[in-house]
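Just so you know, the sequences run in chain order A and B. Using the working numbering, the first residue of the first sequence is number 1, and each one after it goes up by one. Using the working numbering, the first residue of the second sequence is number 1, and each one after it goes up by one.
Treat the hints with care, since some could be wrong.
Taking lysine-lysine and the DSS-like style, the derived pairs with C-alpha atoms no more than 30 Å apart in a straight line are [unchecked claim]:
1) 194(A) to 170(A)
2) 134(B) to 177(A)
3) 168(B) to 141(A)
4) 390(B) to 90(B)
5) 90(B) to 168(B)
6) 177(A) to 141(A)
The following residues of chain A were derived to be distant from chain B, with all beta-carbon distances above 12 Å [unchecked claim]:
7) 82
8) 95
9) 101
10) 107
11) 119
12) 192
13) 241
Computed Cβ-Cβ distance ranges for the label pairs, DEER-style [what the hints assert, rightly or not]:
14) 19(B) to 82(A): 34 to 40 Å
15) 78(A) to 31(B): 38 to 44 Å
16) 172(A) to 163(B): 31 to 37 Å
17) 206(A) to 255(B): 55 to 61 Å
18) 172(A) to 133(B): 29 to 35 Å
19) 142(B) to 133(A): 49 to 55 Å
20) 286(B) to 239(A): 30 to 36 Å
21) 31(B) to 174(A): 49 to 55 Å
22) 140(A) to 362(B): 49 to 55 Å
23) 206(A) to 46(B): 36 to 42 Å
24) 166(B) to 165(A): 38 to 44 Å
25) 18(B) to 140(A): 43 to 49 Å
26) 165(A) to 39(B): 54 to 60 Å
27) 133(A) to 180(B): 58 to 64 Å
These are calculated hints, taken from the structure and not from any lab test. Ideal Cβ positions, reconstructed from N, Cα and C, are used throughout, including at glycine.
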Amino acid sequence: MADGSNALADKSRRRFLTRTGAAVALGLAAGVRFIDFPSARAESSAVSGTQRWGMLIDSSKCASGCSACVQACSDEHGISGHGRPQTDAQWIRKVTLRDNESGRETSLPLMCQHCENPPCVDVCPTGASFRRADGVVLVDKHICIGCRYCMLACPFKARSFVHENLSDQKPWSPRGKGTVESCNLCVHRIDEAKGRVPACAEACEREGHGAIQFGDLYDPASGVAKALAQQESQELRADLRLNTGVRYQNL
Amino acid sequence: MATVSKITGSSDFSVIEGSSAGFYALVAGLAAVIAAGLWATHAMESEGHHVTGMTNQIVWGIPHVFAIFLIVTASGALNVASLSSVMGQKMYAPFARLSALLAVALLLGGLTVITLDLGRPDRLVVALTHFNMKSVFAWNVFLYTGFLLLAALYLWTLMERRMNRITKPVATVLLLWRIVLTTGTGLIFGVLVAREAYDIAIMAPMFIAMSLSFGTAACLLLLMATGACTGRFLDDAVVHGLKRILAWFVTLVLYFVMVSHGVKLYAAGYQGVERFLLLEGGVITSMFWMGQIVAGSLGPLWLMLWPPTARSRPWIAAAAALVLLGGLAQIYVIVIGGLAFPLQIFPGKEVIESGFFDGVVSHYQPSLPELLLGLGGVAMSLLIVVLGMKVLEFLPNFRSGG
């Protein structure tokens, strides 16, 4: 009996939380926003495949010389260099390109592309690399053995191996010496009940560039889905058919 | 003169005496290299991998070169066992045990190196209890374990007279198993679609050919070394038989190397990586032409086929040693060369600035600890062979002039 009443209480709590979450999401979804605050589900409920978090990066808005997104990522996740750029971890980087034919130059941030078919997840022997139902590709630091096979497999060199001892870690973004890490779409932020956008998108917006648009790719009302529906975009290494969660415009 | 027909049971085999100063010096020397390897592991694990030459661009380094070399060679070291127990070539029967011992020892050495290079070697138990069955690495955990068990079973059927009747079926399964195992090792690279130097199915048969070549060379050297060091008779027919087989396998590897590069040279999208590996790669290019092709393939072929050297045991031994050194060079080119060439993330565009070394060739400077770890694995394999011969009857009893 006691079990039954507990189950009922759980059920009603879950219903309450789900409805609250849905109400918050509905409230926030009203109108077109540049940045979608991802709160379509309650904090305590499991992620689901009805959402897919992703980004749209407009390289025409990405200012050359600006690295606010990189700095914000480092601050958010406690990533500090040791003066050894070859082994220092990097979750997001700025790249400047020149078109071989036209000579046009573009600038863009590059990070884990959160593929639907991630090669890093395929090759990971222990399953430490995994893709969450909502599209976020993560590393389980508890079962990563540090073999780095995922780093060989990633077409974007998006992953770093922690080559050094760590100190002053951020409690919301635990790291581990001898394990592999990469952009986690600031999963601690998007999982909050009210939802916050990743630090890089926030910083880009704060700088007034607005080159990184974040949101639910599956929600037709989200800004990112609308922008993708209206304008041509591309995924990097489209030939590999990874169906990346990060898309680019004006590359 | 001893003939192979005399081999009828375990009484024809014996342990090595292992009481000479030379024996103890050898064991002490190998133990010292292993100790150095363990020190290197301690340094890498306590300080972090920044003490190695490996980086976020050159993700795998010298330890992987040694580990893959040992694992690939292990599979081929069983050639003598297969020739004897599967193909019924009785001439090789006296050496089947030694062939299996060498295979087990090389695999254990290779697996030790790859484990100790992990970022978290303390999580070996995680690797053995959590499996993502889509991963080639996870398949390999089963393939390597199965190989060790089958090789142990095979040795048992050889050493226990009552088990002799199942030697052939066990050896046949072991032969098929090692073909699958080396396919798995080759596919570690073959399935990597992101890297232009890899992403080619021919990696699997090429690795099989490499294993046949390196394994035969290692086995031939071991037979010659144990013969010379323990005063045992080694028939010319065995030496020249293995030499001829080795020459075929070296040619087979050359063929696969030629086809794999030829196919990529044909495709416009791969010409950049081929230009890098074959012409402009600096150390990698030298390692390919001078190490792998000239010293590791054409040189030994010349030594094994040119009549004046082909009849000489020292020259045959030199050829086998060159095949092994060439093998190390080949795996270095595959691992380091494949990683040094930049990923082509933006086809049709040139990277003019990057915060993470995009679009540029990465350089690799191996450090002492990782070299010691790799050599420690080789020493471990050799020590297992030496101690194995001391405790169990692996060596045939033929005496010089017997």
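Violations among the numbered hints, reported as their numbers in ascending order:
3, 7, 8, 9, 10, 11, 13, 14, 16, 19, 21, 22, 24, 26 and 27
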